[in-house]
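Protein chains in written order, with our numbering: chain A, 1 to 315; chain B, 1 to 315; chain C, 1 to 315.
For the record, the hints were derived by calculation from the structure and aren't laboratory data. Each residue gets a CB set at the ideal place from its N, CA and C atoms; glycine is no exception. Incorrect hints may have been included.
[As the list claims (entries may be wrong)] A few chain C residues that face chain A, going by a derived Cβ cut-off under 10 angstroms, partial list only:
| # | residue |
| --- | --- |
| 1 | K162 |
| 2 | T177 |
| 3 | T264 |
| 4 | N299 |
[To be verified] Pairs of lysine-lysine residues, derived as DSS-like cross-links and limited to a Cα-Cα distance of at most 25 angstroms, are as follows:
| # | chain 1 | residue 1 | chain 2 | residue 2 |
| --- | --- | --- | --- | --- |
| 5 | B | K24 | C | K162 |
| 6 | C | K225 | C | K18 |
| 7 | B | K25 | A | K24 |
| 8 | C | K24 | A | K313 |
| 9 | B | K225 | A | K37 |
| 10 | C | K25 | A | K313 |
| 11 | A | K25 | B | K25 |
| 12 | A | K37 | C | K168 |
| 13 | C | K313 | B | K24 |
| 14 | B | K24 | A | K25 |
| 15 | A | K250 | A | K164 |
| 16 | C | K313 | C | K37 |
| 17 | C | K168 | C | K225 |
| 18 | A | K250 | A | K225 |
| 19 | C | K37 | B | K25 |
| 20 | A | K24 | B | K250 |
| 21 | A | K218 | A | K168 |
| 22 | C | K162 | A | K37 |
| 23 | B | K37 | C | K37 |
| 24 | C | K250 | A | K37 |
| 25 | C | K250 | C | K162 |
| 26 | C | K164 | B | K25 |
Read off the chains here:
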Amino acid sequence: MQNFISFHDVDDLDFLVKSALEIKKNPYANSTLGINKTIGLLFLNPSLRTRLSTQKAAQNLGMNVITFNLNNEGWAIEVNEGIVMDGTSSEHIKEAAAVIGQYCDVIGLRSFPGLTDREYDYADTIINKFVQYAGRPILSLESAILHPLQSLTDVITVEELKTKSRPKVVLSWAPHTRALPQAVPNSFSEWMSKAEVDFVITHPKGYELSNEFTQGVKIEYDQDKAFEGADFIYAKNWSSFREYGKILTKDPAWMITEQKMALTDSAKFMHCLPVRRNVVVADEVLDSENSIVIHQAGNREFAAQAVLTEMLKGM
Amino acid sequence: MQNFISFHDVDDLDFLVKSALEIKKNPYANSTLGINKTIGLLFLNPSLRTRLSTQKAAQNLGMNVITFNLNNEGWAIEVNEGIVMDGTSSEHIKEAAAVIGQYCDVIGLRSFPGLTDREYDYADTIINKFVQYAGRPILSLESAILHPLQSLTDVITVEELKTKSRPKVVLSWAPHTRALPQAVPNSFSEWMSKAEVDFVITHPKGYELSNEFTQGVKIEYDQDKAFEGADFIYAKNWSSFREYGKILTKDPAWMITEQKMALTDSAKFMHCLPVRRNVVVADEVLDSENSIVIHQAGNREFAAQAVLTEMLKGM
Amino acid sequence: MQNFISFHDVDDLDFLVKSALEIKKNPYANSTLGINKTIGLLFLNPSLRTRLSTQKAAQNLGMNVITFNLNNEGWAIEVNEGIVMDGTSSEHIKEAAAVIGQYCDVIGLRSFPGLTDREYDYADTIINKFVQYAGRPILSLESAILHPLQSLTDVITVEELKTKSRPKVVLSWAPHTRALPQAVPNSFSEWMSKAEVDFVITHPKGYELSNEFTQGVKIEYDQDKAFEGADFIYAKNWSSFREYGKILTKDPAWMITEQKMALTDSAKFMHCLPVRRNVVVADEVLDSENSIVIHQAGNREFAAQAVLTEMLKGM
């Protein structure tokens, strides 16, 4: 595996999912595969699950880990080409990426969108320039528009916990106080639409995701109807793609409640976390037996380890 | 040892002290005990000694270490239950603790008090919620009200350097420019009152600690009298417990000087550090031969390692 | 090697350069030399290359690495002696250094100058107090006035890529938007003047470096003339030493361009990075085949590893 920045970097999803579930049984079976290999984990934004689970996964494989808060601990990065750098940025991404590539065998990178300029965000500039200039495999730790480690985790989790051969999986928009990226729902849609599931997205009008990631996916604007017979409810807020970065509604009627969960076929409740309680989802759902959010977060480690294993095998 | 958040988590203090002094002779004797075990060191506040010594201790045992500045590098944490999270906090401590517990075999946590709401601080909410929700052993790296790794270090240091079978140990309040927590004196009193020492606390009126931690301890309001015949002077500032979080006096007459040390039986000078020179203690005391503050700080490593050894043995 | 804070700590430059180039061929040949040794990497300022390359080098040798942002993650440090610490500083450097020395076998430290008080900066107070109080070998990660790991790298890189037995090396001042330290040019001059090269410095009048570091070095105020026949052009901005910390000119005529490089003998272009594109150097130079800045940055790892190897051998 050269890079892992989207679904398209995966040759064989089925194999990768099986590999992750094998790793889960014995995370230390390959504890020398990464000896004398270094992964740099670069953060331009906050991270809890991704940071800890990827560090853990790399250490399970014997890798050395360098975590680095690129902007805070290093230099402010310029991404525009051909620019006269007489402003606040001290270092161009061309040099930053290439230099980090000198020290790291794999580079993980987290870079959120600004949510003001859709064209810029959807070019996914920072991660793509790292791919272009670093000369090393790039592992997305969530880019401006995609979060493939989360989506691989989600596919694994559904595979692990499903009780039907073809479960119904519903991605439901939910309200939030702040404007959030589309990375998780974009990725979730891209991955889930290729998995052995009946996949439905429900959201208020105006919250349509880029059709680059939702082609062929059923959109159901009636949340109650979408929940009927569902086996997995995946809640997530996102800001509008069409009216880019805007909050069109905070309608609390879209919050995931016990009442709504009662419409499903005893669905498991999923969320990528962090989640705002009683805004996105009611306490009674999150604290119920059917909530698998912690189990799901735990699987982040094995998803990351499966991907790193593939990368290391190719070295 | 399940958790290490107070004196009450210790079964056998004598054994733990002896174990730390054994470890000090050969810190690498157990360098494979922690293989394939991960400790997360979570900081909500600054730390030098605790951060470095605990990381060192864990690495001496072969553990993987993940350090994480929870609020700066992760998400702002909500601790109230049942709340509608429409404010500045992005993640509830229920999820944060449980998720970190998925990746870490031991969780170290530092969380200082706000010093405005005594009831809230003394509930020691953050560390207790980690105990409740993380599902993993919790190691206090100083909580709102206790600092047991420091106190274990202090017991070890007195044991190591005492020249009498039952030395006189004096905890002396000293002035400071800022309002400081009661965690160190609370813990010191809790631990020292169970050690084989004559223990006295001296402080200005109004600085009485919570009697939860000072039961049976002799309080002497006359600092000079308290110092008479002392073998160890342990200086520390704290803010008032009674008038919670307030500075009642900055009286420089309470600073530890050569003159005051002359009242003792050539006492060793101790402080947990960091210490403000010529406010808490005069240069000539801190720089004297009887000052053991650096030696004491060095023992932090072995105290932490003794505790981690017990935790790992139980896994 | 006791410390590595300036050229004067090197016994045998030739040996150190050869050692680094040997290490480059097989960085893992000595991967157990540093077992059970800990290096603390302390940062008071931003760092990318130094942070990552030194961490990598230490890990190549089997060392444990503790990175620590001293002021942000620890306590604000006081450096003045005899002071009453009733201000914003919480901990004196005497204690900080000595305590860190309890946990670390080697201490790396980065501390930039304030560029307002020349006498203070050139006393190189912070690193010298660490040397005085830590009781451990100190590795400069760039001090107020010197950056020896960079200069060792630069000597290695010239040695590795030269095509003549005695190449001409030109250090050229270049414009910049901000006032920068003199550490890199000071060190470069100190080291390069002892190497087997013809060494010339070119800069506008008023930018003379401290003659402590430029004794016997040819200064050529005409940049074009300096470039004639050059084999290596090393660009770097610095603020004035004479009018301390001031920017005397931002004259764009001093920017390194293709036209200027055409005056040389197909010189390689070097810079320590980070570099501001089209301010210090034109894109077409930095992106040309003769630009070796990434290769040079890559050598930082082997320079650091050669130094750490010497330090570890002496333990």
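These are the hints, each one checked on the structure:
Nearest Cβ of chain A to the Cβ of C:K162: about 21 angstroms, over the 10 angstroms cut. The hint is violated. Here the hint on C:T177 is kept, as its CB sits about 5 angstroms from the closest CB of chain A, short of 10 angstroms. For C:T264, the interface hint is violated, since its Cβ never comes within 10 angstroms of a Cβ in chain A; the closest pair sits about 22 angstroms apart. Nearest Cβ of chain A to the Cβ of C:N299: about 9 angstroms, under the 10 angstroms cut. The hint holds.
Of the pairs offered as hints, the one joining B:K24 and C:K162 is violated, with about 51 angstroms between alpha carbons and a cut-off of 25 angstroms exceeded. Annotation: proposed proximity of C:K225 to C:K18 is violated, straight-line Cα distance about 33 angstroms (limit 25 angstroms). At roughly 38 angstroms between alpha-carbon atoms, B:K25 and A:K24 are farther apart than 25 angstroms, so this suggested pair is violated. Only pairs whose Cα atoms come within 25 angstroms are accepted, and C:K24 paired with A:K313 is accepted, the gap being roughly 23 angstroms.
About 62 angstroms separates the Cα atoms of B:K225 and A:K37, which puts this hinted pair outside 25 angstroms; it is violated. For the hint pairing C:K25 with A:K313, the CA-to-CA distance comes to about 22 angstroms; that is within 25 angstroms, so the pair holds. With a C-alpha separation of about 38 angstroms, the suggested pairing of A:K25 with B:K25 is violated against the 25 angstroms cut-off. Between A:K37 and C:K168, the direct Cα distance comes to roughly 38 angstroms. Violation of the 25 angstroms bound is thereby established for this hinted pair.
As the CA atoms of C:K313 and B:K24 are separated by approximately 23 angstroms, the hinted pair is consistent with the 25 angstroms bound. At roughly 37 angstroms between alpha-carbon atoms, B:K24 and A:K25 are farther apart than 25 angstroms, so this suggested pair is violated. In summary, the hint linking A:K250 to A:K164 is not supported, as the alpha carbons are separated by about 34 angstroms, beyond the 25 angstroms threshold. Restraint check: the Cα-Cα separation between C:K313 and C:K37 comes to about 12 angstroms, which is no more than 25 angstroms; the hinted pair holds.
Restraint check: the Cα-Cα separation between C:K168 and C:K225 comes to about 13 angstroms, which is no more than 25 angstroms; the hinted pair holds. A C-alpha spacing of about 20 angstroms is found between A:K250 and A:K225, which places the hinted pair at or below 25 angstroms, so the restraint holds. Simply put, C:K37 and B:K25 have alpha-carbon atoms about 16 angstroms apart, close enough for the 25 angstroms limit, and the pair holds. For the given pair, A:K24 sits about 57 angstroms from B:K250 by alpha-carbon distance, which is inconsistent with the 25 angstroms threshold.
Using a Cα cut-off of 25 angstroms, the hinted pair A:K218 and A:K168 holds, with the two alpha carbons roughly 12 angstroms apart. Between C:K162 and A:K37 the CA atoms are separated by roughly 30 angstroms; this puts the pair beyond 25 angstroms, and the hint is violated. Pair hint B:K37 plus C:K37 holds up; C-alpha atoms about 20 angstroms apart against a cutoff of 25 angstroms. Distance hint between C:K250 and A:K37 is unfulfilled; the C-alpha atoms sit about 43 angstroms from each other, more than 25 angstroms.
At most 25 angstroms may separate the alpha-carbon atoms for a hinted pair to count; C:K250 and C:K162 exceed this at roughly 31 angstroms. Restraint check: the Cα-Cα separation between C:K164 and B:K25 comes to about 55 angstroms, which exceeds 25 angstroms; the hinted pair is violated.
In this structure, the hints that do not hold are numbers 1, 3, 5, 6, 7, 9, 11, 12, 14, 15, 20, 22, 24, 25 and 26, in rising order.
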